[in-house]
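Asker: Residue-level listing of the chains:
There are 2 protein chains.
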Amino acid sequence: MKIGICGYGVIGSGVKKLIDEKHQNNEDLEVIKVFDKPFKKDELKELYVNDYKKITENKDIDIVVEAMGGDKFPYEIIKDALKNKKHVVTSNKEVVSLHLDEFNSLAKENKVYFMFEASVGGGIPIINSLIQNRKVNEINHIYGILNGTTNFILTKIEEGLSFDDALKEAQRLGFAEADPTADLEGLDMVRKISILSDIAYNTFIDVNKVEHRGIKGITKEFIEKANKNGLVLKFICESKIKDNYVSLIVEPVLFKKDNIISNTKNEFNCVIFEGKSNDKLAFVGKGAGSLPTASAILSDIYLIKDNNANYLDLSKKVVYCEKNDNDYLELCDDGTFKKAKKENFYARVFME
Amino acid sequence: MKIGICGYGVIGSGVKKLIDEKHQNNEDLEVIKVFDKPFKKDELKELYVNDYKKITENKDIDIVVEAMGGDKFPYEIIKDALKNKKHVVTSNKEVVSLHLDEFNSLAKENKVYFMFEASVGGGIPIINSLIQNRKVNEINHIYGILNGTTNFILTKIEEGLSFDDALKEAQRLGFAEADPTADLEGLDMVRKISILSDIAYNTFIDVNKVEHRGIKGITKEFIEKANKNGLVLKFICESKIKDNYVSLIVEPVLFKKDNIISNTKNEFNCVIFEGKSNDKLAFVGKGAGSLPTASAILSDIYLIKDNNANYLDLSKKVVYCEKNDNDYLELCDDGTFKKAKKENFYARVFME
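Chains as they are written, first to last, in numbering that gives the first Met the number 0: chain A, 0 to 351; chain B, 0 to 351.
Pulled out of the complex, with its shape left as it was, chain A reads as follows (with noise of 0.2 Å):
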């Protein structure tokens, strides 16, 4: 098959990387055009295209991987690539969280597939594990750290940094951007579980309703705190539906110290689900990374290849809680709760 990718940085070169491993061992895969700026002409040689078109139209290309972020520009090119009859592969949260109902229906009209296992958790195989349970499973709870800067971020102030150091740090390691803001209010983390909550509950989340409070106001005494207490401060993400009611929140919460989210740590994500089936089901490993994130691409790409990939069905309409009834709690010195102050930092308790 031939593979067209727009957008050659750090997951996009990764995901070239893997295909010409692959194509030296004559599997038939193999990239053949590559669209971005004009600056990465002199690397890419021939390969190199200076408009999406040669790509979404070229009539050689069966996939067209997009690795560029982002909003406009991909749904443009997503779009465009499946009405040309493209399969299409992304590790873009963003668009896919704003359009995959469209994208969804698009590729079903046009017998391609439209894939994002990379978009959700990185190397983890969350999306395709999930589409599978989803046919023999009613899940009806899903939680957990879905942001590895974030993450790194509270481990770090639990090991003795300040707030201002850690981020630093995970800038200095290249798990945070310049500018984190996205992570650190929680954002990034509303699109993932809204593209894991349309998967499970066979729906489509309006991603702009999903509350979101962020770790900004985190202070290394708060957390230490907790820990003297038992407890670990984790900034999650988690999704409900009981009946046809849903609701969705990203927000810091305390987890007791023995519980598998609490000793999830550093860059690491750890997702659980849990249904009519399976109790309690948890996926943990590296969220994020060139490496992980090109090879859940690849995956994507053997499905389409060996015909293993599926249409979902995002048809049920549901109901939206935006008002989210959890109590929220201050930590008191003595290991107490009390009632918090909204003008403080506070989280809720999650007793499991």
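These are calculated hints, taken from the structure and not from any lab test.
Some hints here could point you the wrong way.
Copies of the same chain look alike in the list, so a pair counts if it fits in one copy or across any two.
Dumping the calculated DSSO-like pairs for lysine-lysine here, alpha-carbon to alpha-carbon at most 27 Å [what the hints assert, rightly or not]:
#1 K304 x K107
#2 K21 x K315
#3 K16 x K279
#4 K304 x K275
#5 K16 x K58
Based on the hints, put chain B in the right spot on chain A.
Answerer: Positioned in the frame of chain A, the structure of chain B alone reads:
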């Protein structure tokens, strides 16, 4: 698709219940014959057959579910079903670990599929995740807790019970069999780690070669001493490959308290695999039970129905290292270790 079930115990009857529900929802799945001992005849009425050949040679049946357990009889049934061009789905780790290569070849020859997700880790989707991950990753290390019975016993000892009382409690709750030898001596995990290694390393492991050392000599005092020193005793299986050299072992191992393995409690299983593209990927969930295991079988049925199944490549020749070169240590009262005397209970220390 028409389904025949061989073995109507906890798992087989669970599968029938799930398929009946799907059938009532107008899905194209139906159980039309069930084979078991004569005393099930009254319960099964017109579905009952007294000879497995009435299932394996039945022209209307597309899929045979083998849920009997044991080796000899299931081996004959599975072979016969595959030769008669029926897909086979099983939860029987014994027969899978002993004959996977033969079943895989027979399936390929007859253009049907042999599926066994339910044989390892109950409802945890580890087998099909490994099969998919294997296409894009070079896996070199697999380890974890794959026996719920012994993990339950160790957890209860940690909570204060004696070994004998913990075993009785496991039997009372239905986690341990009347004869728990295969669990306690590690044979159950030998089978499971062999199956996972077959898939991950594209080879076929001789289960009879795998070293295993059980937990029978364990005392409450040993576990208490470990806990006081920040360690947790777990009964695990482990498999490694380097170049073409493979080693497998099942034995008690000490882990640090904040490890994901240490925090896998009661009847939960945890399996971790590491490879070239994925640093570390962990799956945690209930490893047994009627509903999780039956839903894993149903999941395989959907992979066949949706044309999403695959064949395995088990052709790689590896050198099996019988000698395990781990250092075994006894835990001293002061938290230091000394080289183990083989007459005492000893454990390896996993320092990660």
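Asker: For each hint, tell me whether it holds in the structure or not.
Answerer: Going through the hints against the structure:
1. K304 x K107: both (17 Å within a copy, 19 Å between copies)
2. K21 x K315: Classified as between; 18 Å across copies, 40 Å inside a copy.
3. K16 x K279: between (36 Å within a copy, 21 Å between copies)
4. K304 x K275: Between copies only: 22 Å across, 33 Å inside.
5. K16 x K58: For K16 and K58, the Cα distance is within 27 Å only inside one copy (23 Å; across copies 49 Å).
Hint compliance for this structure: every hint is met.
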